[in-house]
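Trainee: Chains as they are written, first to last, in this note's numbering: chain A, 1 to 233; chain B, 234 to 985.
Be aware that one or more of the hints could be misleading.
[Said to hold, decoys possible] Heads up, simulated DSSO-like pairs for lysine-lysine below, C-alpha to C-alpha not over 30 angstroms straight-line:
hint	chain 1	residue 1	chain 2	residue 2
1	A	Lys-23	A	Lys-67
2	B	Lys-247	B	Lys-968
3	B	Lys-476	A	Lys-133
4	B	Lys-502	B	Lys-968
5	B	Lys-247	B	Lys-646
6	B	Lys-930	B	Lys-476
7	B	Lys-968	A	Lys-102
8	B	Lys-835	B	Lys-250
9	A	Lys-102	B	Lys-835
10	A	Lys-228	A	Lys-174
11	B	Lys-970	B	Lys-502
12	A	Lys-124	A	Lys-102
13	B	Lys-835	B	Lys-331
14	B	Lys-646	A	Lys-133
15	B	Lys-240	B	Lys-646
16	B	Lys-285	B	Lys-502
17	A	Lys-133	B	Lys-930
18	B	Lys-349	A	Lys-130
None of these hints come from the bench; they were simulated from the model.
No experiment lies behind these values; they were computed from the predicted model shown.
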Amino acid sequence: MPIQFTDVNKSYMSGEVPVHALKDVSFHIPDESIVVILGPSGSGKSTLMNVAGGIDQPDTGRIEINKHHLDVLNTRQLTDFRRRFAGFIFQQYNLIPTLTVKENVEVGRELSDHPLAMDDILEKVGMLDKQDKFPYQLSGGEQQRTAIARAVIKNPAFLLCDEPTGALDEATGKQILALLKYVNEQHKTTVMIITHNIGIGDMAHKVLKMKSGEIIETLEHAEPLDPKRVSWT
Amino acid sequence: MDMKLRKAMYRNIKARKFQFGGAICLLFLSVMLYVALSMAITTLEERNEQFKEAYNQESFHFQTADTLSADQLREWEKRYDLELESRRYHDLNVDGDKTLRLFSVTDTINQPYFSKGSAPESAGEIAISSGFADQNGFELGDSLTIEGHTYTISGTVYLPDYVYMLEQETDLISQTGSFGIAVTPDATFQHTGGDASQQVLGHYPGTRDLASFKSDVNAVSAILKFLEQADNPRIQYVESEIKGAQSTMTALPLFILVLSIIMVLMLMKRRIQMQRTEIGTLMALGFRRGELFRHYLGYAWFVGLSGAGLGLGVGASLSIPITNMYGEFFNLPRISSFDWDPLVVILGFIVPLGLMIGASAIIIWKPLREQPLDLLRPAEISTAKTSWLEALPFFKHGSFRRRFRLRLLVRSKGRSGFIILGVMFSSILLLFGLMTSNAMDSLVDRTYKKTQTYDYAVHYRGLQNDSTSHSQSPYTLAEASVTRVNDRAVEDIEPDLYGIEAETPYLHLLPQGNQVGNGFIISAPLAAMLGSDEGDELTLTNAQNNEKLTANVIGVADIFIGEHIYYNRNSVNEFLGYPSDGYTAAWQDTQPRDDEAVYQVKSSEEIIAGFESASGPTRYATIGVAAFAVFIGVIVLSLLTNLIVEEHSASISLFKVMGFHNQEIARLVLHVYTPIVIIGYCLSLPVAGWIVNQIMKLLVEETGFLLPTQITWWMAGGGGVMILITYGCSLAFSKRKLNQVSLQEALNSRQD
Ligand SMILES: Nc1ncnc2c1ncn2[C@@H]1O[C@H](COP(=O)(O)OP(=O)(O)O)[C@@H](O)[C@H]1O
Ligand SMILES: [Mg+2]
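Using the sequences and the hints, build the whole thing.
Mentor: Encoded structure:
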């Protein structure tokens with residue numbers, strides 16, 4: 001799914017003072033690619049992901065995703081957009097505590113008209129034998145793999161991951177990244193990964209570096225690195 | 234530092250205005266109801282006591298065949314150590330259908346209290362009861378011409394032996410507009426011809442056996458009537474009303490108090506759970522347990538003080554109009570208007586506050602006993618704890634939706650329990666309102682329109698034995714004592730015994746006819762008082778000659794006013810020692826002519842009108858109770874669903890981010906409780922029926938009528954619809970909260 005941002009601005013009121021979280025952000029991401037957004041804490045990465053995923057709306061500027069103009073959609077239409085096209089993965093996993101692994105994944109399947117097969121997904125993320133466990137019985141990596149299964153099972157065209165490895169150690173983090181790469185290749189999913197871990201940029205087709213709400217540098221990799229081989233900081 | 238904590242508490246309360254406000258509101262209602270009712274009752278009791286004491290209420294009064302002389306009374310006073318005073322009275326007929334009973338002013342017993350104007354001084358001046366004056370538009374200074382004589386109203390009056398204004402002692406309901414009393418100097422009676430009767434009022438302190446006194450009086454002149462205070466409904470009714478009200482007025486507020494305390498405990502528990510890490514951090518920083526304990530107890534103090542304080546204030550001021558309402562019902566002068574009983578303050582303020590604080594303390598103390606390290610460890614939150622119920626096969630099937638909902642239910646069984654409790658409480662009140670108001674229609678309809686179909690009951694002065702006209706149906710009426718039910722001896726039950734013709738067209742006692750040849754047919758209030766039913770054997774005793782009459786009850790008639798026994802006229806006459814063709818009264822459809830022999834005519838139309846007008850306030854009260862029920866229901870259900878939304882806001886936000894619509898999420902999170910609400914309502918149906926029947930049985934002994942309460946299909950259905958609407962309202966409130974849960978919450982949330 002191609003993504004086009006044109007002069008996108010977003011600011012928040014922080015007390016009396018406005019905080020400019022996105023300043024005239026413009027970029028293009030081609031279909032079926034992995035894009036990594038890098039930048040220090042507070043640079044506006046999450047804000048960018050939120051407006052790209054239809055969770056939030058920009059103040060000005062245009063966002064076009066696969067012919068959908070997100071900036072003019074109303075709340076209900078945004079919900080439908082997220083439902084049909086987007087999958088989300090968070091740093092804190094955000095599983096439903098009262099549902100088991102399998103049930104959490106079912107929540108995602110429920111939303112799709114053309115979901116993937118449950119057992120295949122669970123197998124792929126390595127959670128098949130733990131499918132009846134509740135989140136509190138799982139390690140962080142297992143929770144994140146469950147969250148990936150939940151996002152991927154609906155076969156979204158666009159997968160948005162906010163610091164997906166932020167709470168994980170290197171080995172587990174790399175497994176997660178490999179999984180995201182697999183999803184991108186297997187299901188032709190456009191994957192957006194937000195991180196402050198610079199090494200992860202090497203697995204992307206495109207890297208956007210942010211600072212104080214602006215994109216300060218754009219890199220493209222014709223031959224992205226295998227996630228197993230990225231350097232970890 | 235403590236100041237900072239307090240600030241955090243107020244901020245927290247402000248952020249959850251709705252939840253804390255609801256808890257305060259429940260507590261407020263509970264305290265207000267209790268305080269208002271008990272203060273009103275205390276004032277009433279106090280006025281009654283003071284009136285009795287200061288105006289020397291009679292201990293008894295009697296009437297003899299001959300007028301008794303003053304010397305005679307002085308002699309008895311000495312011999313029996315009593316006070317006796319003679320009083321004259323005469324019934325004046327006002328406007329054809331109203332009665333004004335004129336008494337001579339007494340000096341010692343049953344002294345009149347003049348509230349407005351002045352005491353009547355000269356012949357022809359009267360002071361009149363204010364209710365009768367108000368309803369008939371009589372004012373101070375008016376001159377009334379009654380039966381050819383002129384009376385001038387000098388003031389309004391209360392008499393200690395007419396607190397409940399009944400014309401006849403056998404009447405059930407007072408009708409202020411058509412019966413009143415007045416006092417006037419003795420001279421008025423000479424002036425107006427002197428056709429007044431004499432009654433003797435007696436007073437003594439304490440209790441006494443009056444048997445020898447009575448026989449002494451009887452030896453001088455035959456006693457026509459002797460009524461002791463304990464048997465005088467004009468005096469006793471207010472006292473039994475006070476006793477009855479004292480029990481109902483604590484039950485209702487107590488239940489609301491329990492609801493409110495449970496609510497506060499749930500809120501506290503939730504706060505503490507959310508702030509486990511905060512507590513851990515504060516403890517690690519060096520806060521003492523005691524300081525934190527006081528901090529968290531602050532929430533309970535806040536709710537307790539504001540709810541109970543407001544309740545006390547509003548309740549106390551509401552007690553004044555309530556007292557005045559009672560004052561119109563009972564003729565008690567406003568000797569005092571606001572009687573301050575410290576016990577009411579203790580029970581109404583200190584007790585609920587204490588319970589609230591105490592129960593909260595227990596909840597708070599638990600986490601505070603833990604080590605700071607345990608608190609800092611990410612809590613295995615309660616919603617993640619599995620319940621044993623989930624092991625059931627029932628839980629293993631169906632979609633994630635089904636399991637999400639079921640877990641929501643079983644992992645917080647307390648919530649479900651509270652909803653059931655709240656729904657049952659509201660439903661019972663609501664059904665109580667519906668049943669009572671329906672029962673009043675049903676009572677009149679069944680008693681008068683279906684069962685007793687005569688228009689007039691004519692009572693004669695003495696025993697008759699002339700043949701009656703064909704449109705009349707003669708019967709014998711006498712008071713009898715029921716002394717035995719099966720093998721059980723009973724006391725103090727003195728129903729009216731009717732000896733009737735089985736073929737009378739004016740009664741339809743049982744579906745199969747008035748088969749009084751086969752046994753007794755009894756009225757519903759009597760059946761309730763005796764606790765007996767068809768097939769029981771009753772024995773009646775004739776106090777005069779100790780004659781006994783025993784028969785089986787063959788049925789309970791649909792007569793809901795009065796304690797009646799119907800039996801065949803021959804047997805009743807024999808039992809009473811009357812000739813077999815004797816009768817004392819007759820039923821008929823035509824208005825009876827004025828006749829020397831006629832002592833009294835009761836028209837069923839008037840009785841119905843009297844009942845309707847007297848039951849008006851009760852009807853309003855039942856509507857009030859029903860509205861109150863709905864109100865409490867809305868509060869309880871809204872609080873609960875609101876709390877649920879808050880507890881699950883992280884999941885709700887996540888569902889939103891994932892692309893679920895608000896309506897879908899509401900179904901997932903909120904509608905879970907629909908079956909619980911329905912179960913609660915269904916449970917309340919039999920409970921309400923049982924409670925209402927118990928209440929009616931208690932009331933029957935005081936009032937003599939039994940409301941035929943029944944839960945009909947339309948009530949069950951209508952009540953259900955009302956409860957569902959109530960539930961719908963609270964869902965709507967909580968949906969607003971659900972819609973307001975922001976998407977951001979899932980994005981930057983700690984897991985909750
Ligand atoms: N809801 C919000 N309200 C106020 N300020 C916000 C909000 N969300 C983000 N910000 C501010 O916007 C800026 C960018 O935030 P964010 O996009 O979360 O940065 P990043 O994800 O790169 O750490 C920060 O200064 C942050 O404080
Ligand atoms: Mg961020």
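Trainee: Checking one constraint from the list: CA of Lys-285 (chain B) to CA of Lys-502 (chain B), max 30 angstroms. Satisfied?
Mentor: Violated. Lys-285 (chain B) to Lys-502 (chain B) sits at ~53 angstroms, over the 30 angstroms cutoff.
Trainee: Could you grab the alpha-carbon distance between Lys-102 (chain A) and Lys-835 (chain B) and see if it respects the 30 angstroms cut-off?
Mentor: violated, 80 angstroms
Trainee: Is the hinted pair Lys-133 (chain A) and Lys-930 (chain B) satisfied, with a Cα-Cα distance of at most 30 angstroms?
Mentor: Given that 30 angstroms is the threshold and the Cα spacing comes to 58 angstroms, the pair is violated.
Trainee: Are the Cα atoms of Lys-23 (chain A) and Lys-67 (chain A) separated by 30 angstroms or less?
Mentor: holds, 23 angstroms
Trainee: Lys-247 (chain B) and Lys-646 (chain B) were given as a pair; does the straight-line alpha-carbon distance stay at or below 30 angstroms?
Mentor: holds, 28 angstroms
Trainee: Holds or violated: Lys-968 (chain B) and Lys-102 (chain A), Cα atoms, limit 30 angstroms.
Mentor: holds, 28 angstroms
Trainee: Going straight from one Cα to the other, do Lys-124 (chain A) and Lys-102 (chain A) come out at no more than 30 angstroms?
Mentor: holds, 13 angstroms
Trainee: Are the Cα positions of Lys-646 (chain B) and Lys-133 (chain A) separated by 30 angstroms at most?
Mentor: With a Cα-Cα distance of about 22 angstroms, the restraint between Lys-646 (chain B) and Lys-133 (chain A) holds, given a limit of 30 angstroms.
Trainee: Is Lys-835 (chain B) within 30 angstroms of Lys-331 (chain B), Cα to Cα?
Mentor: holds, 13 angstroms
Trainee: What's the verdict on Lys-228 (chain A) and Lys-174 (chain A), does the C-alpha distance respect the 30 angstroms limit or exceed it?
Mentor: holds, 6 angstroms
Trainee: Is the Cα-Cα distance between Lys-502 (chain B) and Lys-968 (chain B) 30 angstroms or less?
Mentor: The given pair, whose Cα atoms are some 23 angstroms apart, holds under the 30 angstroms limit.
Trainee: For the pair supplied as a hint, Lys-247 (chain B) and Lys-968 (chain B), is the alpha-carbon distance within the 30 angstroms limit?
Mentor: holds, 20 angstroms
Of the numbered hints listed earlier, those contradicted by the structure are 3, 8, 9, 15, 16, 17 and 18.
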